Structures are given as C-alpha cells and as structure tokens.
Amino acid sequence: MFREIRSVVTGTVYQIEVTAGDQVKLGDDLVIVESMKMEIPVVAEAGGTVIEVRCNEGDSVIEEQVLLIIDSD
Amino acid sequence: MSSNKGVQDPDAPRVDLAEVLAAKAQTLDENRPEAVAKRAVTGHQTIRQNIGQLIDPGSFQEYGQLAEPAFKNLQGPADGLVMGTGTVSGFRVGFMGYDYTVHAGTQSIINHAKADRFLQVVETLRLPLVLWADGGGWRPYENNINSRDYEETFAMMARLSGLVPTVGVVSGRCFAGNANLAGLCDTLIATAKAAMGMGGPPLVEAALGLTLTPEELGPAEMHEACGAIDVLVTDEQEAIDCVKRYLEYFRDAGGQPGPDPDTSVLRNVVPENPRRAYDVRKVIEGIADQGSVLELRPKFARSVVTALAKVQGTPVGVLANQPMFLAGAIDSPASDKLARFIQLCDAHDIPMLYLCDTPGLMVGPEAEATALVRHSSRILNAAINATTPFMTVILRKAYGLGQYMMGALPLRPALLVGWPTAEFGAMGFEGAVKITHKKELEAIADKKTRLARERELADELRAHNTALGLAGRYELDDVIDPADTRETVIRFLVSLPPLAPRTGRKRTIDNW
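Here the protein sequences line up with chains B and D, keeping their order. Take the numbering used here: the final residue in the first sequence is number 241, and no numbers are missing along the way. Take the numbering used here: the final residue in the second sequence is number 544, and no numbers are missing along the way.
Derived from the structure by calculation, the hints contain no laboratory data. Every value quoted in this text rests on a predicted model; they were computed, and no experiment measured them. C-beta: ideal position from N, C-alpha, C; glycine also. Careful: at least some of the hints might be erroneous.
[As the list claims (entries may be wrong)] Below, a list of computed lysine-lysine pairs in the DSBU-like style, where the Cα atoms sit at most 35 Å apart:
| id | chain 1 | residue 1 | chain 2 | residue 2 |
| --- | --- | --- | --- | --- |
| 1 | B | K193 | B | K205 |
| 2 | D | K56 | D | K70 |
| 3 | D | K56 | D | K104 |
| 4 | D | K314 | D | K331 |
| 5 | D | K104 | D | K70 |
| 6 | D | K276 | D | K225 |
| 7 | D | K225 | D | K104 |
| 8 | D | K56 | D | K225 |
| 9 | D | K331 | D | K70 |
| 10 | D | K314 | B | K205 |
| 11 | D | K314 | D | K225 |
| 12 | D | K314 | B | K193 |
| 13 | D | K480 | B | K205 |
| 14 | D | K225 | D | K70 |
| 15 | B | K205 | D | K470 |
| 16 | D | K470 | D | K276 |
| 17 | D | K471 | D | K314 |
| 18 | D | K538 | B | K205 |
| 19 | D | K470 | D | K480 |
| 20 | D | K276 | D | K331 |
| 21 | D | K480 | D | K466 |
| 22 | D | K479 | B | K205 |
| 23 | D | K331 | B | K193 |
| 24 | B | K205 | D | K104 |
| 25 | D | K314 | D | K538 |
| 26 | D | K276 | D | K314 |
| 27 | D | K466 | B | K205 |
[To be verified] Taking CB as the label site, the calculated pair distances span:
| id | chain 1 | residue 1 | chain 2 | residue 2 | range |
| --- | --- | --- | --- | --- | --- |
| 28 | D | R308 | B | D190 | 14 to 22 Å |
| 29 | D | N63 | B | R222 | 53 to 61 Å |
| 30 | D | E184 | B | M169 | 54 to 62 Å |
| 31 | B | R222 | D | A257 | 22 to 30 Å |
| 32 | D | A257 | B | G226 | 25 to 33 Å |
Okay, chain B solo, but in the shape it has when bound (with noise of 0.2 Å):
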C-alpha cells in the first residue's frame, strides 16, 4: 500500500535520512523539518520501502505537504 508521508509542521527540510528504495522500519526518521530552531523528525508510521522523495535539503515546506511516498509493508 503507498502511503503518503506528510511533513506536521511548516518549515525548512533540514535533513532527508532515505533515498529512494530503502528499507525503514516503523519509528524510522524520515525526513527531518526544521521549524523555530527545532528539528521536527517525520517519522515512518508502518515499515516499507521508500518509493519516491518528493523534497530537498532546503526546500520550505507547509504542513501537511507530501515529503516522500512509501509502500508500506
């Protein structure tokens, strides 16, 4: 199932821990948004394989937005 990874805060992508086609595990960071000088880690709700990364290091990001795609296992 491909489950859309959505950043909670809007800020600056800080730090983006996958690439394509890596295995992660429930609880894994993701991606981590920086927002009021704090690093807000998106974590992996289910384990899978990550499909495709939608954001860059640096790119301003809302809340909500869609960072990666993972199918989920």
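Please build the complex by placing chain D on the supplied structure of chain B, with the hints as guidance.
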C-alpha cells in the same frame, strides 16, 4: 378497554392508570417507528436510544415525560426534551437531551419550562450534568402564542459553571439556543456529523446573503481546529463511551488502578540532540495508566497538550508543552487552552501535573498582535489563584516566562523535579550569549568561527544551568530517572490531603 366488568383481570391496570401508561407509551420509540426511521436515515440514533446506552438500566427517573407543546396543533412527545436523573456506571448524573425527532430539537415554551425546572434540580442536588444539545434553537411555530419570553435556561446553565461537571454532546445539527447551551458546558464532545453555530443558515442568509448548509457553516473539523469542541469522535456510540470515560475523572480519587504503562521508554523520549523535537504525548503515556489518557482540544493550540489521565486510578490533569509544534512555545491560543484547563481541574479538585519543555512565550509581531500580553497573563492568573495541588516535571527546556507559567517554583508546586535533560534560563542560551558577548562575537570575522564560539559560550552557560546545577543551588526538589516519573507522580498523589467535602462552587470555569 374491556367492558366485561365481571371477569376483569385483577392485575390489569385500572382505567385511570391505563390512561397514564398509554400516554407515556406514546412518547417511546417503539410507538414512534416513523420518527425512529427518519432519524436513522441520517445515521443517527434517537435520544431515547442514546439514553438507553448511557444511563444504567432502571436508574432513569424521567422528569416531564408527559409534557406537551404549548401550541396544541403540534405533536411533540415530552415536548422534545428528555431529561431526568440517573446513574452512569453507578455514578449519579442529571441528563438533559433535546429530541431531534420533535420539531428538530427546537426549544419551546414548555420545554424551556422543563429545562428551567430540571437545571434547578441539578443545581440543588449538585448533579454532574450530561447535555445532549442537538437542535435548531427557538421553535418558530410558537411565536404566535402569547407568552413572556423569560426562559431562564441559559442563565441557569451558566450558573452550573464550576459547581458540577458539565459535559455536552453534539451529534448533529446544533444551532442558536441549543449551541449556546453546548458552549456553556465545561467540555464538549462532537461527532463527525456535528454541525454547530450560534446563527443558523436562515439568519446567515438574511444578514450576509450567503446560502450555506448547516454542515458548510459549522462543520465538526472546523470546531475541532478552532477549539470550540474538546473531543471529536466518530459517532454517537463513541460519544457515549467518551461521556462515560469523561465522568470517571470526576469521581472521588481512589478508583481502580489501571494497567501500568511501559515506563522504560521515558529514558529515551527526550533525544540527546537538544534541538531535536519529540512527541510529548509519549511522556504522558509513559506516566498514566494504560488507556486512561483523554486529550482535550488536540487539534487546537498544538504547542501545548491538555489531557485528563489517571495514575493508579487517581484522576490527574496533565498540562504539557509539545515540542513538535512551535518548539513548544506558548502563543495566545496555547495560553487560553492552558488557562481554561487549569480552571477545569481546579474547579473539580483534580490534581495537576505540569510537563515543562518550552523555549518560552511565542515571539514576533504576529504573536504580539494576538494580544499575547493579555492572553499569556491568563495562565498565571488561573494558576496562581488555583488551590488544587500540582507538581511539575522539567523535561528539558525551562526558559523565560513560559517556564514560569508552566508550574515553576513561585507558583508553589507541591513537588518540583527535573529530568537529567532539564536546562534552565531566563532566555535561550544561544540568544543570551549573543547579547552578553556581542562585542566579542562581532569581532570574529569568519562566520563559522563565530558560530563555533557562540555555541561554545552557550554550552558553558548550559553546563551551569543543568538539572544537577539547579539541584545544587536547591532550585529543584529532586532530579529523577525519567523511568521513575510515574512512581514520583504516585508519591505526589499519596502526599495530598483528603478532599474537603464540597457544598458549593469553588470557582467558575471560563468557557474559552
């Protein structure tokens, strides 16, 4: 009726009683299949079905079941308001619910008289009140009847504030007078089908020329986001379960202990990297009995979390900063959310637990334009004038006036402890050294070197203001193993004096 007097069944009701029983039966769902079916079309239960699932069987003493609309051309069992005393899981309550199958749950001359009478009973007996609020406000058909517009319902509902717990449910369309009663409740539960507003679609069309359905005008998700409702649930069944859960927090302390949570997770909830956010709800779950946390207003003012919970069966009100949003900074909505929650807990003697991790109050022209000066003051006003005991755990950041408002020493917590990750400051350390070492830092031309020096200075300051540093200056009662937080809360609860018997109101609760 049998006319055969000679062989009358001695157990059969006499004519006078039979007449009463027949009149009562007419108000029941089984004799109103069309009304029940109509309600089912929109996926709703009837008010009597909801009562059947909420109130313990056989405990409901109905008031005014035989009342009829003042306008004799109208049909209306109980004149559209079903109310009475009863118990919910053995806990005594007053219940009042508008019947949407009777003229869309509207408020009428007679049902206002009923409500006025019943709210007086609720006040006298100090009964916790459950209000099912769905309905369309004033019943316009009754405008033709001579009456004095002197219903006291809204005033009497407001008089209950802080005297007894009040919880409202909205599961469908709820406008005008009905919404007013909902807004007067301490806590409001709404289902996904709820549509609520002070002025209904006809008024909006007349005043603004906008044609909107009730669901477009006041949808449930909107009310969840703006903080008008406290809990959004899927359907009426969930709403009933939520009311049952909610009332449990207002029983006397010493309920059944719930299952222990996994407290070991608390050692690693706060990341080593001080800039890394975490979900503070994990901390609450690691302290409270499993399944006992009921978060209020979760989608509103998300930089703070307010939740009712139980620790070994004892109700506790939890107030926490949420680093996931605004870094846990307190803005105007967060101030309002905290202040109302403090009043709710204080009015009903629920001990409080502050979990502090805040960089302080929100800064910037946008934040100030929301009257932050005033809104943030509400927290301190509510907290310092509360007499219900509380304790505070500093999880990480305790900066500025924000931390002061999060249960700091001057607010006289019964117990003030810190996690090893606690750090204190009048302001953030990076910000502070930029001011105190302005000249030195400006003299460093290379940006990278300057940043490194800035971090070095900030770290020096941080080292002085760690949990251990503060404990050494005795500004903390204890520094604890995070995994021991639940045990610490239990010891705090055990230290509290028995509650004095209540005969009246301690304080009112702000509706916002």
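Here is what the structure says about each hint:
Of the supplied pair hints, the one linking K193(B) and K205(B) holds, its CA atoms being roughly 27 Å apart against a limit of 35 Å. The suggested pairing of K56(D) with K70(D) holds, with an alpha-carbon distance near 21 Å, which does not exceed 35 Å. Between K56(D) and K104(D) the alpha-carbon distance is near 18 Å, which keeps this suggested pair within the 35 Å criterion. The straight-line distance between the Cα atoms of K314(D) and K331(D) is roughly 17 Å, inside the 35 Å bound, and the hint therefore holds.
Taking the CA atoms of K104(D) and K70(D), the gap is about 23 Å. The hint holds against a cut of 35 Å. For the proposed pair K276(D) and K225(D), the alpha carbon gap of about 20 Å is at most 35 Å, so the pair holds. Pair hint K225(D) plus K104(D) holds up; C-alpha atoms about 33 Å apart against a cutoff of 35 Å. Note on K56(D) and K225(D): the hinted pairing holds, with a Cα-Cα distance of about 31 Å set against a maximum of 35 Å.
Among the hinted pairs, K331(D) with K70(D) is consistent with the structure: their alpha-carbon atoms are about 33 Å apart, no more than 35 Å. Taking the CA atoms of K314(D) and K205(B), the gap is near 22 Å; set against the 35 Å cutoff, the hint holds. The suggested pairing of K314(D) with K225(D) holds, with an alpha-carbon distance near 30 Å, which does not exceed 35 Å. As the CA atoms of K314(D) and K193(B) are separated by approximately 19 Å, the hinted pair is consistent with the 35 Å bound.
Distance hint between K480(D) and K205(B) is fulfilled; the C-alpha atoms sit about 18 Å from each other, no more than 35 Å. Straight-line distance between C-alpha atoms of K225(D) and K70(D) comes to about 16 Å, which keeps the hinted pair within the 35 Å bound. Only pairs whose Cα atoms come within 35 Å are accepted, and K205(B) paired with K470(D) is accepted, the gap being roughly 20 Å. The suggested pairing of K470(D) with K276(D) is violated, with an alpha-carbon distance near 58 Å, which exceeds 35 Å.
Distance check on the hinted pair: K471(D) and K314(D) sit about 43 Å apart at the alpha-carbon level, beyond 35 Å; violated. For the hint linking K538(D) to K205(B), the alpha-carbon distance of about 42 Å lies beyond 35 Å, and the restraint is violated. Distance check on the hinted pair: K470(D) and K480(D) sit about 16 Å apart at the alpha-carbon level, within 35 Å; holds. For the suggested pair K276(D) and K331(D), the alpha carbons sit about 22 Å apart, so the restraint of at most 35 Å is met.
Straight-line distance between C-alpha atoms of K480(D) and K466(D) comes to about 15 Å, which keeps the hinted pair within the 35 Å bound. For the hint linking K479(D) to K205(B), the alpha-carbon distance of about 18 Å falls within 35 Å, and the restraint holds. The straight-line distance between the Cα atoms of K331(D) and K193(B) is roughly 27 Å, inside the 35 Å bound, and the hint therefore holds. As the CA atoms of K205(B) and K104(D) are separated by approximately 67 Å, the hinted pair breaks the 35 Å bound.
As the CA atoms of K314(D) and K538(D) are separated by approximately 33 Å, the hinted pair is consistent with the 35 Å bound. Between the alpha carbons of K276(D) and K314(D) the distance comes to roughly 24 Å, so the proposed pair stays at or under 35 Å and holds. The straight-line distance between the Cα atoms of K466(D) and K205(B) is roughly 15 Å, inside the 35 Å bound, and the hint therefore holds. Between R308(D) and D190(B) the C-beta distance comes to about 21 Å, which sits within the given range of 14 to 22 Å.
Checked against the hint of 53 to 61 Å, the C-beta distance between N63(D) and R222(B) comes to roughly 59 Å, which is consistent with it. Our hint of 54 to 62 Å for E184(D) and M169(B) holds, since their Cβ atoms are close to 56 Å apart. Between R222(B) and A257(D) the CB atoms are about 25 Å apart, so this pair conforms to the stated range of 22 to 30 Å. Hint check: A257(D) to G226(B), Cβ distance near 30 Å, so the stated range 25 to 33 Å holds.
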